[in-house]
Amino acid sequence: NAGVTQTPKFQVLKTGQSMTLQCAQDMNHEYMSWYRQDPGMGLRLIHYSVGAGITDQGEVPNGYNVSRSTTEDFPLRLLSAAPSQTSVYFCASSFHTQDTGELFFGEGSRLTVL
Amino acid sequence: SQQGEEDPQALSIQEGENATMNCSYKTSINNLQWYRQNSGRGLVHLILIRSNEREKHSGRLRVTLDTSKKSSSLLITASRAADTASYFCATVRSGYSTLTFGKGTMLLVSP
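Keeping their order, the protein sequence lines are chains A and B. Counted from 1, the first sequence has number 109 at position 109 by the working numbering; the numbering is strictly sequential. Residues are numbered in the working numbering as their position in the second sequence, beginning at 1, plus a constant of 1000.
Source of the hints: derived by calculation from the structure; they are not laboratory data. Glycine included, C-beta positions come from ideal geometry on N, C-alpha and C. Heads up, some of the hints might be wrong.
Claimed, not checked - Result set (SDA-like, lysine to any residue): computed pairs, CA atoms no more than 20 Å apart in a straight line:
id	chain 1	residue 1	chain 2	residue 2
1	A	K9	B	G1040
2	B	K1026	A	V113
3	B	K1056	B	R1041
4	B	K1056	A	L79
5	B	K1103	A	E102
6	B	K1026	B	S1071
7	B	K1056	B	D1066
8	A	K9	B	R1041
9	B	K1056	A	G101
10	B	K1070	B	E1055
11	B	K1103	B	E1017
12	B	K1103	A	L79
13	B	K1103	A	K14
14	B	K1103	B	N1052
15	B	K1070	A	F104
16	A	K9	B	Q1037
17	A	K9	A	E102
18	A	K14	A	Q57
Stated by the list, open to error - Calculated from the model, a selection of chain B residues having no Cβ within reach of chain A, i.e. all distances over 10 Å:
id	residue
19	N1018
20	R1062
21	L1075
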């Protein structure tokens, strides 16, 4: 049972490049989300999904795109990378939606934008 | 914006001592959760307390919730060096389904 798997673990981009951070879970969780973690800022919610075909914006959605075509996968796309998007990105999933229960986190993807 | 704020920002204790971290939040909540993050790793769920509960225990962890003061505390008893990590509180606001995290407390437990 792998839980939540994120790839890649590390990535360096140049300003203006695009890329996709992959997230997959094998727990049949309906709820999936992406957070970014910056020093002194805690975790901030980027986008989330309460089920296949349904996505919504979090606190800091600008510059990011998501889709949820299957229950298992929730990729995060950076459309045109900017240095301000240098961060550690975490994908998390949960069985519950209306009353969010325990979140299961991936190990993170560390992104540097030059 | 941050819903929860942990206090203190950093805490340094000796093994065997108790560690207490506090969390304050701004709006009414469905539940409050505590997570641990070891350096360079993802967050791990520790405990969830619902708005109609006042106290919960899990092993060496004790969490209290005071909804009138909009605050929670996490007590780790008999700390071990392996408890060294950052601890985050997170809340689910009433009427919402998303989890909002605080900035965390960094705990250092020295042998």
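In ascending order, which of the hints set out earlier in this document are inconsistent with the structure?
2, 3, 4, 11, 12, 13, 14, 15, 17, 18
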